[in-house]
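Student: As you go down the protein sequences, you meet chains X and B in turn. Position 202, counted from 1, in the first sequence is what the numbering used here calls 268; the numbers after and before it change by one each time, with no gaps. Position 46, counted from 1, in the second sequence is what the numbering used here calls 191; the numbers after and before it change by one each time, with no gaps.
The reader is advised that the hints may include incorrect statements.
Stated by the list, open to error - Sample of chain B residues at the chain X side, in silico, Cβ under 8 Å:
#1 T152
#2 V153
#3 F160
#4 V164
#5 L171
#6 P174
#7 I175
#8 A178
Stated by the list, open to error - A short list of chain X residues far from chain B (calculated; beta carbon distances all over 12 Å):
#9 V136
#10 E220
#11 I255
Claimed, not checked - Heads up, incomplete: computed chain X residues facing chain B, CB under 8 Å, no partners named:
#12 S70
#13 D72
#14 N85
#15 V99
#16 H111
#17 S146
#18 L153
#19 S175
#20 L182
Don't read these hints as lab results, they were simulated from the structure. Where a beta carbon is used, it is the ideal one built from N, C-alpha and C, also for glycine.
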Amino acid sequence: MHLSPDEVVLWSSGPLTLNLTIVLTWAVMLVLVLSALLITRRLSHGTSRSRWQCLLEIIVIAIEQQIAGVGLPAARTYLSFLATLFLFLAMSNLCTIIPGYEPPTASLSTTVALALCVFVSVPLFGIRDQGLRGYLRSYIEPTVLMLPFTIISELSRTLALAIRLFGNMMSGAMIIAILLTITPFIFPIVMTLLGLLTGMVQAYIFSILAAVYIAAALRSRPSTQSAPAV
Amino acid sequence: MLIDWFTVCAQALNFLILVWLLTKFLYRPILAAIDARERRIAADLADAAARKAEAVSERDDFARRSAELAGSRTALLDQARTEADALRRQLSDEARSAAEVQDAQRRQALLNDGARLRETITGRTGQEVIAIVRRTLGDLASSTLEERLVEVLLVRLRALDGPARQDLVHALGSSGKLLVRSAFALTPAQQAALRQALADILSAPVETAFETRAELICGIELIAGGRKVSWSVADHLASMEQMVAGLVEARADAGQQSQAHPSQSAVH
Chain X
67 MHLSPDEVVL
77 WSSGPLTLNL
87 TIVLTWAVML
97 VLVLSALLIT
107 RRLSHGTSRS
117 RWQCLLEIIV
127 IAIEQQIAGV
137 GLPAARTYLS
147 FLATLFLFLA
157 MSNLCTIIPG
167 YEPPTASLST
177 TVALALCVFV
187 SVPLFGIRDQ
197 GLRGYLRSYI
207 EPTVLMLPFT
217 IISELSRTLA
227 LAIRLFGNMM
237 SGAMIIAILL
247 TITPFIFPIV
257 MTLLGLLTGM
267 VQAYIFSILA
277 AVYIAAALRS
287 RPSTQSAPAV
Chain B
146 MLIDWFTVCA
156 QALNFLILVW
166 LLTKFLYRPI
176 LAAIDARERR
186 IAADLADAAA
196 RKAEAVSERD
206 DFARRSAELA
216 GSRTALLDQA
226 RTEADALRRQ
236 LSDEARSAAE
246 VQDAQRRQAL
256 LNDGARLRET
266 ITGRTGQEVI
276 AIVRRTLGDL
286 ASSTLEERLV
296 EVLLVRLRAL
306 DGPARQDLVH
316 ALGSSGKLLV
326 RSAFALTPAQ
336 QAALRQALAD
346 ILSAPVETAF
356 ETRAELICGI
366 ELIAGGRKVS
376 WSVADHLASM
386 EQMVAGLVEA
396 RADAGQQSQA
406 HPSQSAVH
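Model the full structure from these sequences, guided by the hints.
Tutor: Rendered as structure tokens:
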């Protein structure tokens, strides 16, 4: 038993290591891109459209509405980043129903990578919206004394983002693995269903938190404003 | 160590690539399709709104035209009614005039018929009366009708009173002769008797001439100067003719009145 799919190394050459996490990530990416290509191959711009196109439109519009609901006015600006985050996490977690599959999100490397992407994107979107000076000024408001606390907050929430997702997914995979050894019938199925629900919830939480962080970066922060604790 | 930093970098790169791929193959086409559909729906809604506004405008225009048509219809009906009244009056006048012309023609025809009838009756009556009188006198007496006429003339001459007789003598004295006209030729005996009677009445022989005139119709007259003593069926026939003419005119008037009333009711 291994805690992370990173431990399953398929190929290695010096510092380059091809482990199971990367391979499964490529598989999820391939599924997502191929699905998008197949569905958007014959897109209808008229009133009648296929069921798959309807599903995709529903998903995209729902994500757009969620982003707007968080407080980002120009939702389409952040749609690519946030929607890709949600779709990748959701697809990675949904595939746990496939026997032998280990979600890439059960790897702390993956969750850290995603958290770092969010960590980098937040100041990028903030600078893009307010300019470098305006964004940096938000770190010393209402007083310069808040600067270290703000930096610690940025780092800690990024770390929390990564650890939360990793912990949930890894624990789910671990529980299923343990239950398979103890009670190979019934319980693993129930726990798989629970893992599906947990995975979807975690994908949603990760994406929403990223949106909230970006939205918080776009505004001059009140001293009392902080990210919602989940 | 749970964190493999090479994997972290690779996963971050994978994620960025996935963002780019999904943006290119998923979000952009889907959002373009959604935007195109929304634009089309918006255009359809705008077109529907424009058509609705146009329909409302056309409905208002139709209502206005209907109102105008109703107004003009009333005016046209009034004009048609006025023209029909004028035409009716014109036709009535023409019919009345034609009826009056026909009535005048009919009345003239009646008068002509009456005149012809009068002439016919006069002629026929005279002939019939003469024939009847002649036959009656012939049947009732031994003398002829001419003899009786001569006797009647003589009786009238003898019955002349003083002034009338003086006028006759005075007229005889101015002309110098007598003229006796009869519808038939007097026999010599009758002429002699007549001369004798005249001589007795006038107390002197008189030159007497005899003349035959068929228009006297069984009559005889004696003319001296401007005086005349006569008896003739023509006189009776003249009075009868006047009576017959009176009857014909009365019938003509009655016929005109009886036809004038229906024609007037037909005109109105």
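Student: Could you run down the list of hints and mark each one as holding or not?
Tutor: Hints, one by one, checked against the model:
Hint status for T152(B): holds, given a least beta-carbon distance of 4 Å to chain X, under 8 Å. Residue-level restraint check for V153(B) holds (minimum Cβ-Cβ distance to chain X is 5 Å; threshold 8 Å). The criterion of a C-beta within 8 Å of any C-beta in chain X is met by F160(B), whose closest approach is roughly 6 Å, and the hint holds. Interface restraint check: V164(B) against chain X, minimum CB-CB distance 4 Å, threshold 8 Å, status holds.
Using the Cβ-Cβ criterion of 8 Å, the hint placing L171(B) at the interface with chain X is satisfied: the shortest such distance is roughly 4 Å. Using the Cβ-Cβ criterion of 8 Å, the hint placing P174(B) at the interface with chain X is satisfied: the shortest such distance is roughly 4 Å. Taking 8 Å as the C-beta cut-off, the interface hint given for I175(B) holds, the closest approach to chain X being about 5 Å. Checking A178(B) against chain X by beta carbon gives a least distance of about 5 Å; that is within 8 Å, so the hint holds.
No Cβ of chain B approaches the Cβ of V136(X) within 12 Å, the least distance being about 18 Å, so the stated non-interface status holds. Distance check for E220(X) against chain B: the nearest CB is about 18 Å away, which clears 12 Å, and the non-interface claim stands. At the 12 Å boundary, the C-beta of I255(X) stays outside the reach of chain B, the nearest C-beta of that chain being 28 Å off. Interface restraint check: S70(X) against chain B, minimum CB-CB distance 6 Å, threshold 8 Å, status holds.
At a threshold of 8 Å, the smallest CB-CB gap from D72(X) to chain B is about 5 Å, leaving the interface hint in force. Proximity of N85(X) to chain B holds as hinted, the smallest CB-CB distance being about 6 Å (cut-off 8 Å). At its closest, the beta carbon of V99(X) sits 5 Å from a beta carbon of chain B; the interface hint therefore holds under the 8 Å criterion. Interface restraint check for H111(X): the shortest CB-CB distance to chain B comes to about 4 Å, inside 8 Å, so the restraint holds.
Proximity of S146(X) to chain B holds as hinted, the smallest CB-CB distance being about 4 Å (cut-off 8 Å). For L153(X), the suggested interface contact is upheld, since its CB lies about 7 Å from the closest CB of chain B, less than 8 Å. Nearest Cβ of chain B to the Cβ of S175(X): about 4 Å, under the 8 Å cut. The hint holds. Interface restraint check: L182(X) against chain B, minimum CB-CB distance 6 Å, threshold 8 Å, status holds.
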